[in-house]
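In order, the protein sequences belong to chains A and B. Position 76 of the first sequence, counting from 1, maps to 76 under the numbering used here, and the rest follow consecutively. Numbers given in the numbering used here equal positions in the second sequence, counted from 1, plus 1000.
Calculated from the structure, these hints are not laboratory results. Owing to the predicted nature of the structure, the values given are computational and were not obtained by experimental measurement. We put the beta carbon where it would ideally sit given N, CA and C, even for glycine. A few of these clues could be false.
Interface residues of chain A toward chain B, partial, derived using beta-carbon atoms under 7 angstroms [as the list claims (entries may be wrong)]:
(1) G30
(2) T89
(3) R216
Number of protein chains: 2
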Amino acid sequence: MSDSDSGGRDIAVAVVDAETPGNVGTIARGMKNFGLSELLLVDPPELDPDGEAYGFAGSAREDVLPNAREVTLDHLVENYHTVGCTAVTNENATKHVRYPFKTPRELADSLRSVEADTCIVFGRESSGLNNDELARLDELCAIPASAEYPVLNLGQAATILLYELRELTIADDQLPEITDRADERAIEGLHDQFADFLVAVGHPEEKQAKSGRLWRRLLGRAHPTGREVRTLRGLFRRASEQLRDEQ
Amino acid sequence: MSDSDSGGRDIAVAVVDAETPGNVGTIARGMKNFGLSELLLVDPPELDPDGEAYGFAGSAREDVLPNAREVTLDHLVENYHTVGCTAVTNENATKHVRYPFKTPRELADSLRSVEADTCIVFGRESSGLNNDELARLDELCAIPASAEYPVLNLGQAATILLYELRELTIADDQLPEITDRADERAIEGLHDQFADFLVAVGHPEEKQAKSGRLWRRLLGRAHPTGREVRTLRGLFRRASEQLRDEQ
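Start from the sequences, fold in the hints, and give me the full structure.
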């Protein structure tokens, strides 16, 4: 297991017998989006640099996809803790090829404390991993989906797995911290200002307390930022002043 | 909001100005996989029944895709609680077009108690939703991804949103309950059997307790099924019997 430049952990992804180059490109892009880099291909289709694999790979065409290695299933079994992905599970414990399994979230939780080189293994578009292949892998993962149509496209299934593993593989995501939540004093100041606004606008006195509670519930659910609170407080203050000037 | 046949809640999905029919097909398939059915298209590309949209839609070519409706952004704003998806957020609260936002999981949690008709809105492949479009939508959602390459493919981004909303939209998933977790008495029985096996196999007496603890830790992490425990217990019993017969 090597750390990527961003400091996250690298988990390998393998695709067995992919039938369409486009899905390999989609998987490569998803890997780069979620901080993974090691793509292993068992019996891959030809990946033409002018074809769909590279067309679908986004900026992963520059690294993940050209660095993909062709390997055997034996190589995966011998060198990695392997996780086979399948939409089709056994109903119960009477057969162990497809049971028990983890969901993607359970898998991410369980891999958190595992230091082994790990490889997530996907199968062919038409029929996934077959029983002989699954029987050789260490554990299973299945994505919960509609009972009416649970079979995901290969690229979409891989995207979900990569997304769920992100907390292991991404050191830093692109999102800023939302650090501007208003503090309680500022929110109370806005409530006071709103109460004054109700008076200034001539809202019937017997309804003021009720309207104040309505406003408190609304803000309480919205978890406003400091800036939102300051802006609204200023607006209500100015409105109240102007309303009183008009009188 | 209408309930689908499976009993889950229907959340609408809208794509504004999609550029490639294939992504519309991918989104339709993902919707069907996760129990959604209402697809709304603003300025869509032509969806040729023999083209990529239908080619990528899986069995959603039978319902979600042909039932898609062409609408305007005005229609979405007027009729739905709208959630705009974007990979590009503002750094802080100085601008409100792209701030604050929820992650997909936070969005799913917050929609749990909301009864409004809700529509998840995605933008064009090349540049997403623009500021004018986002400014009209009610709230924002951003997928945490690698800071180095956070921009997901449209179809992949939609798949992740649909996956995270599944607990709202799917009444029943395809996965069986794993109801066969072994009970503690059965596991203790296996531990007793293993201890007896250590004796029968002639494991040094001073190491037996330590090896027993090693085995307890291993099983403890694996959360074995009843069947696994019964099978192993039977194997160790038979091995112990045969080892003693040989003596």
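Consistency of the hints with the structure:
1. Proximity of G30(A) to chain B holds as hinted, the smallest CB-CB distance being about 6 angstroms (cut-off 7 angstroms).
2. The beta carbon of T89(A) is positioned within 7 angstroms of a beta carbon in chain B (closest approach about 6 angstroms), and the interface hint is therefore held.
3. A cut of 7 angstroms between beta carbons decides the hint on R216(A): the least distance to chain B is about 18 angstroms, and the hint is violated.
This entry does not satisfy hint 3, going by the numbered hints stated previously; all others are met.
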